[in-house]
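Asker: In the order they appear, the protein sequences are chains S and W.
Taking my numbering, the leading residue of the first sequence gets 1, the next gets one more, and so forth.
Taking my numbering, the leading residue of the second sequence gets 159, the next gets one more, and so forth.
If you're looking for bench data, these hints aren't it; they were derived computationally from the structure.
Computed from a predicted structure; not experimentally measured.
Wrong hints could be hidden among the right ones.
[What the hints assert, rightly or not] Pairs of lysine to aspartate or glutamate, EDC-like flavour, derived with a Cα cap of 20 Å:
#1 K87/S to E226/W
#2 K97/S to D14/S
#3 K8/S to E103/S
#4 K279/W to E68/S
#5 K245/W to E68/S
[As the list claims (entries may be wrong)] A few chain W positions that, by computed beta-carbon distances, are all more than 12 Å from chain S:
#6 P168
#7 D208
#8 G257
#9 A264
#10 L288
#11 Q301
#12 P302
Ideal placement from N, C-alpha and C gives every residue a C-beta, glycine not left out.
2 protein chains.
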Amino acid sequence: MPALITYKTPVIADWVDYNGHLRDAFYLLIFSYATDAFMDHIGLTSDARDATGNSLFTLEAHINYLHEVKLGEEVEVRTQIVAHDRKRVQLYHSLYKAGGDEELAASDQMLLHVDLAAGPKSAPFSEHSLEALCSLTEAQSDQPAPAYVGRTIGLSGK
Amino acid sequence: MPALITYKTPVIADWVDYNGHLRDAFYLLIFSYATDAFMDHIGLTSDARDATGNSLFTLEAHINYLHEVKLGEEVEVRTQIVAHDRKRVQLYHSLYKAGGDEELAASDQMLLHVDLAAGPKSAPFSEHSLEALCSLTEAQSDQPAPAYVGRTIGLSGK
């Protein structure tokens, strides 16, 4: 399948610093909206979330800033499933100019499926969500391997 | 020295999701403001940035979400220098309730000193900034070691 485009947006004035460049935190906001949209692909639509009380929480995220992004640029997020188990899914979000082929930023994220009514507390995915995760993973098997996964921050450049 | 508190803020309405909880990206925005404030501590004040064209760019960030944070809560960021070299500084930002003792989130970040006029292009810290980094590191030597540094994301729990 072609890359799964989960989110498209122009870079708006609220998101840029005094130099007109996208501020670090707002790359993550764009990826956060991409996660919201990804949830629709696995049956966690906002209606389903209201009905079941299930949602995804971000446990941990890693982000690599590769290029500056300027006010007004149209960008898109492409999303791959790196792995999942019964309760967690590891996503790889990449930022590109719309239709472009240069990765501007990348984020490796671990998300937990939760039952909001119960705490929130971790909860297994529904069968429907698990099936969707499996089919999407299968469909994405021809995508290139994500470049910025499992990274460690350190001066030694590990 | 006591922990270096770089930023304090109430959690505002713009930053919370439909459940009234701080959205993942806005934890990073609070840490981003903390980095701005940290720059003042090493001589990269906004006046100095205007005069020299030097600034810090985020190369890479890792964030661990430990607890939910609610609308209206007063939070503060405590910042430690993990390491630095001639051009880079690795910071550890921790989020707490103001005056609290439970870590709500942690971010391990690698920042690069840049000359904006030259590109931007990486540039060595000034002697003044290097001295400030060394004295702060020395002064923080009695702080407990940051818990969430050098982490890797993965389902195996590495």
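Asker: Look at each hint and say if it fits the structure.
Answerer: Hint by hint, here is what the structure shows:
1. Only pairs whose Cα atoms come within 20 Å are accepted, and K87/S paired with E226/W is accepted, the gap being roughly 19 Å.
2. Straight-line distance between C-alpha atoms of K97/S and D14/S comes to about 19 Å, which keeps the hinted pair within the 20 Å bound.
3. A hinted pair counts as satisfied when its Cα atoms are at most 20 Å apart, and K8/S with E103/S qualifies at roughly 14 Å.
4. Proximity of K279/W to E68/S is assessed by CA-CA distance (about 12 Å); at most 20 Å being required, the pair is judged to hold.
5. For the suggested pair K245/W and E68/S, the alpha carbons sit about 19 Å apart, so the restraint of at most 20 Å is met.
6. Under the 12 Å C-beta cut-off, the non-interface status given to P168/W relative to chain S holds; the minimum distance is some 17 Å.
7. With 12 Å as the threshold on Cβ separation, the claim that D208/W sits away from chain S is violated: the shortest Cβ distance comes to roughly 10 Å.
8. No Cβ of chain S comes within 12 Å of the Cβ of G257/W; the nearest lies about 24 Å off, and the non-interface call holds.
9. Not every C-beta of chain S lies more than 12 Å from that of A264/W, the closest at about 10 Å, which undercuts listing it as non-interface.
10. No beta-carbon of chain S is positioned within 12 Å of the beta-carbon of L288/W; the least distance is around 15 Å.
11. At roughly 19 Å from the closest C-beta of chain S, the C-beta of Q301/W stays outside 12 Å, upholding its exclusion from the interface.
12. No Cβ of chain S comes within 12 Å of the Cβ of P302/W; the nearest lies about 19 Å off, and the non-interface call holds.
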